[in-house]
Amino acid sequence: MSFIFAIFLPIIATLLIPFLFKKVSSIHTGWFVLLVPVVLVIFYGTYIPSIMNGSTYLDELPWIPSLDISFISYLDGLSLLFSLLITGIGALVVLYSIFYLDKKKEKLGNFYVYLLMFMSAMLGVVQSDHLISLYFFWELTSISSFLLIGYWYTRDRSRFGALKSMMITVFGGLMMLGGFLILGIIGETFSIRELIGQASALSGHDLFVWALVLVLLGAFTKSAQFPFYIWLPDAMEAPTPVSAYLHSATMVKAGLYLVARFTPIFALSEVWIWLVTGVGILTLFWGSFFAVKQTDLKAILAFSTVSQLGLIMSLLGIGSIAYHVTGDLVTTFTFATFAAIFHLMNHATFKGSLFMIAGIIDHETGTRDIRKLGGLLSLMPVSFTIALIGSLSMAGVPPFNGFLSKEMFLEAVLNLQHFDLYAMDSWWILFPIVAWIASVFTFVYSLYFVFYTFRGKHKPEQLPKAAHEAPIGMLVSPGILATLVVIIFFIPNFFGNAFIKPAVAAIQPLAYQVPTDVGFTIKAWHGFDSPALYMTLGVFLVGYLFYKTIPKWSAVYNTIPSKVSLNGMYDGLMRLGDSGANRFSSIYMTGSIRNYLVYMFAAIIVLLGGTMWIKDAFAIRFDNLAPIRFFEILISIILIVGTITILVTKSRLTAIIALGAVGFTVALFYIIFKAPDLALTQLVIETVSVALFLGAFYHLPKLNKHEKGKEDRGFRLTNFLIALGVGVMVTLIAISSHSQKLKLSISQYYKDTVYSEAGGGNIVNVILVDYRGFDTLFEISVLTIASLGIIGMITLRLVKKKGDRKIENK
Amino acid sequence: MEILMSILIGFLFMAAVYLILSRSLLRIIIGTGLLSHGTHLLLLTMGGLGGKAAPVLSDGVTDYADPLPQALILTAIVISFGVTAFSLVLAYRTYNELGTDNMDLMKGTEDND
Chain A
1110 MSFIFAIFLP IIATLLIPFL FKKVSSIHTG WFVLLVPVVL VIFYGTYIPS IMNGSTYLDE
1170 LPWIPSLDIS FISYLDGLSL LFSLLITGIG ALVVLYSIFY LDKKKEKLGN FYVYLLMFMS
1230 AMLGVVQSDH LISLYFFWEL TSISSFLLIG YWYTRDRSRF GALKSMMITV FGGLMMLGGF
1290 LILGIIGETF SIRELIGQAS ALSGHDLFVW ALVLVLLGAF TKSAQFPFYI WLPDAMEAPT
1350 PVSAYLHSAT MVKAGLYLVA RFTPIFALSE VWIWLVTGVG ILTLFWGSFF AVKQTDLKAI
1410 LAFSTVSQLG LIMSLLGIGS IAYHVTGDLV TTFTFATFAA IFHLMNHATF KGSLFMIAGI
1470 IDHETGTRDI RKLGGLLSLM PVSFTIALIG SLSMAGVPPF NGFLSKEMFL EAVLNLQHFD
1530 LYAMDSWWIL FPIVAWIASV FTFVYSLYFV FYTFRGKHKP EQLPKAAHEA PIGMLVSPGI
1590 LATLVVIIFF IPNFFGNAFI KPAVAAIQPL AYQVPTDVGF TIKAWHGFDS PALYMTLGVF
1650 LVGYLFYKTI PKWSAVYNTI PSKVSLNGMY DGLMRLGDSG ANRFSSIYMT GSIRNYLVYM
1710 FAAIIVLLGG TMWIKDAFAI RFDNLAPIRF FEILISIILI VGTITILVTK SRLTAIIALG
1770 AVGFTVALFY IIFKAPDLAL TQLVIETVSV ALFLGAFYHL PKLNKHEKGK EDRGFRLTNF
1830 LIALGVGVMV TLIAISSHSQ KLKLSISQYY KDTVYSEAGG GNIVNVILVD YRGFDTLFEI
1890 SVLTIASLGI IGMITLRLVK KKGDRKIENK
Chain B
1206 MEILMSILIG FLFMAAVYLI LSRSLLRIII GTGLLSHGTH LLLLTMGGLG GKAAPVLSDG
1266 VTDYADPLPQ ALILTAIVIS FGVTAFSLVL AYRTYNELGT DNMDLMKGTE DND
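Going down the list, the protein sequences come from chains A and B. Going by the working numbering, 1589 is the number at position 480 of the first sequence; the sequence numbering is gapless. Going by the working numbering, 1219 is the number at position 14 of the second sequence; the sequence numbering is gapless.
Simulated from the structure, these hints should not be mistaken for laboratory data. Each residue gets a CB set at the ideal place from its N, CA and C atoms; glycine is no exception. Be a bit skeptical, because a hint or two may be false.
What follows is a list of derived Cβ distance ranges for each label pair [claimed, not checked]: (1) B:Ala1258 to A:Gly1700: 50 to 58 Å; (2) A:Phe1887 to B:Gly1255: 29 to 37 Å; (3) A:Asp1725 to B:Gly1255: 55 to 63 Å; (4) A:Gly1718 to B:Ala1258: 37 to 45 Å; (5) A:Phe1887 to B:Ala1258: 24 to 32 Å; (6) B:Ala1258 to A:Ser1846: 21 to 29 Å; (7) A:Arg1825 to B:Ala1258: 42 to 50 Å; (8) B:Ala1258 to A:Val1878: 15 to 23 Å; (9) A:Thr1796 to B:Gly1255: 25 to 33 Å; (10) B:Ser1263 to A:Gly1823: 25 to 33 Å; (11) B:Gly1255 to A:Gly1700: 48 to 56 Å; (12) B:Ala1258 to A:Thr1796: 21 to 29 Å; (13) B:Gly1255 to A:Gly1901: 42 to 50 Å; (14) A:Thr1758 to B:Ser1263: 42 to 50 Å.
If you want the footprint, here are the derived chain B segments under chain A, 3+ residues with CB under 8 Å [said to hold, decoys possible]: (15) 1258-1272; (16) 1305-1312.
Here are the simulated lysine to any residue pairs, SDA-like style, with alpha carbons at most 20 Å apart [what the hints assert, rightly or not]: (17) B:Lys1312 to A:Phe1693; (18) A:Lys1852 to B:Met1251; (19) B:Lys1312 to A:Ser1701.
The task is simple: from the sequences and hints, build the whole structure.
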């Protein structure tokens, strides 16, 4: 079987779900859905042995062959690890959701359609080898995540959170698309494998750093790195299975996957190392520091997720240094990559279980507010055990898997001292210090999470429901994850060989040909000479002191005003966009036709004048001109006088008659310039027009009613200047175009053939009805339409029926 | 002569634009009338004004005025007449319905005003 279709299996299964939900209402839809991830886990599980030995798999499904776009599924250690995480935790989450979501009260059909859509999208992201299909699946995760966060769409907070995550992740996604396109253009291929092959050639290109920064923006927004993490805490409005799945184990790791996948391409750049490591460390500290401030269980976990993602991100950054060093140092820095992938796996296990416990507490007590909870230990012993395992693992305490990866993290950060390029030798010390402080806060919030919830005084009067232990089915999934947490601690190298080493070999293809070359073993005990050991002990000690004194120093959070917070900035930015666009359009869209006419005429002046100026197009030639005769001057003077009369008169009648006079002088011009048909038409039409004007004038008010007072001077001055500008432009263009005639007229043909071909003597009339008869046909149509329109306007009187409101004459 | 005509046409355009920018509906329509006069004269002028005879075949004449611009203008005159008539009736109806011919007062619609 062609394994690329496994990606599409969940999305195909969505077609059945509405049917199952509607028709088979006696069985919870989740049981059917559960089959999909279980089948996929087993399917991907069969690839583990061969991937361990260094094989990779490739499968292609053409999509748009003419543009060379196809779905290419590439399975190596990295994508297999992620695929197993997605399907494995997916299965547990579906199982958990069966007990979490009520089959009668909830719209389960929607939920599982979105969830399976998301699963397909994630599998697509981690297996795509083609940049465009990667982007396609990437945006599909954004959309399905948006739908899932807004699952309870009647709640304001859900809609707000969904919109916020959409805005931020789609912003990043579009930036990433830009980066992909740059990569595709400079590398002349959209295949990631082929791009990796020519990485050193690419890194010399001018646009390389742009591609790097844009792709990183995509990764940072998706993985909730500083300062884009703000959407993640608000996404906690989603149902808890969604938070556990998307916002701890899978979607937020898409950014990490992206960084890991592109490391072989971008790691040659210094910018990459600084950005990935620096932003990661900053996020780690920021997230852990603010997690203690939160009072909502899920918000604590959200900030903790942010912080842990920062940790993994910084490890990936340190791992990239391996591309810049030689000899033993390669192994030293590749160790960070190894630690990153290990922690990524560990984080998925303990964070998934913690989210599920938070959901259980919410489900069984009716609140997630840590200030109302407490003393649940005796009521919910199983949940407590699971939460304790998860929290201690998160804090980095043995005997749980978090301890192993946290130790490796500290060691990797300390390894930075061996790197002396890019001024790292003087700055490296900052990284272990910040990492250590962040670890202290991680320790504090982990204890805070578990002990403030389960220890202390029970406050039943503050809880909406009487607290009791969750049903067994709900505890299965977090139980399995918590068991994994312990198992990984005791047999870490089994997981290391099966999952981590193949992934490391995929990220560092230069250092390792096959996964078995990766020579790391995970040890719980490093001996007394390991500095990481003392750092860990320090974390425990200081962390415990901090935890005991939380009420004393937590006031420090209140000193930071909410306006300068990143959420405040996001809200401000949204408001600014909204009101700014509003203000902008209300400035130029006034509703007054005169303003729009001013823009148009000004544009004519500026564009035409500017073009003439730039192209130096003005020309004037005095040869080939017709002679000036007395009559023409006389008529011109009459025309000017008539026009000025229209401009200055205060009487409507005078204006109309002057317009008539201008029309008749135009007719005189036609006579002088040998155009008898024109003169005839002009005379007739001018007469009819004047009659029409007189008819309309009878019904219209006096002319000078509106133009009065001193404030009108500015109005008239602008009008005059614009009018003058248009007049001058027309004159200049007319003179220039007449002076630069390039081709002879085609009229000689008409003159020569008018009698022989058309049998007429009046050339103008023959042109109108014979040579260019179509013009005349449609000109007749214009007149017909105009007269029909006039009849319609006069005879049709559709009055609005609602109310007899008459518009007052203002 | 063409240069003189160009200046005259520019003047007509100036007057037309000035009128179109005013507040009164009637002045705006008068402005469009002047604008079409200017345009027609511009067409004629750009065709060249040197023709000695009207473009009607007659014996012994070879130097006819260019007939093509004249045909174009004839079409344009008729069309602008149709438009002018339509807009005049429109103005009349507008004033009947709204009770004003001041463009500044004709903003928005009944619903959002």
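(request) Hint says 25 to 33 Å; check whether the CB-CB distance for Ser1263 (chain B) and Gly1823 (chain A) agrees. (result) Given range 25 to 33 Å: violated, Cβ gap about 58 Å.
(request) With respect to the beta-carbon atoms only, verify the hint that Ala1258 (chain B) and Val1878 (chain A) lie 15 to 23 Å apart. (result) holds (21 Å)
(message) Assuming the hint says 50 to 58 Å, is it satisfied by the Cβ distance from Ala1258 (chain B) to Gly1700 (chain A) or not?
(response) holds (54 Å)
(request) Go ahead and decide if the range 25 to 33 Å is satisfied by the Cβ distance of Thr1796 (chain A) to Gly1255 (chain B). (result) holds (30 Å)
(request) Given the hint that Lys1852 (chain A) pairs with Met1251 (chain B), test it: the Cα-Cα distance must not exceed 20 Å. (result) holds (13 Å)
(request) Go check the region 1305-1312 of chain B versus chain A for me, would you? Three or more residues, Cβ under 8 Å, otherwise it fails. (result) Per the Cβ count (8), the hint holds.
(message) Given a hint of 42 to 50 Å, does the C-beta separation of Thr1758 (chain A) and Ser1263 (chain B) actually sit inside it?
(response) With Cβ atoms ~44 Å apart, the hint holds.
(message) What's the verdict on Lys1312 (chain B) and Ser1701 (chain A), does the C-alpha distance respect the 20 Å limit or exceed it?
(response) holds (6 Å)
(message) For Lys1312 (chain B) and Phe1693 (chain A), compute the direct alpha-carbon distance and say whether it is at most 20 Å.
(response) This hinted pair holds, its Cα atoms lying about 18 Å apart.
(message) When I compare C-beta atoms, does the region 1258-1272 of chain B have three or more residues closer than 8 Å to chain A?
(response) holds (count 10)
(request) May I ask you to test the hint 24 to 32 Å on the CB atoms belonging to Phe1887 (chain A) and Ala1258 (chain B)? (result) The hint (24 to 32 Å, Cβ to Cβ) holds, given that Phe1887 (chain A) and Ala1258 (chain B) are roughly 30 Å apart.
(message) Can you tell me whether the CB distance of Gly1255 (chain B) to Gly1901 (chain A) sits inside 42 to 50 Å?
(response) Holds, at about 46 Å.
In summary, the structure is inconsistent with hints 3 and 10 from the numbered list given earlier, while agreeing with the others.
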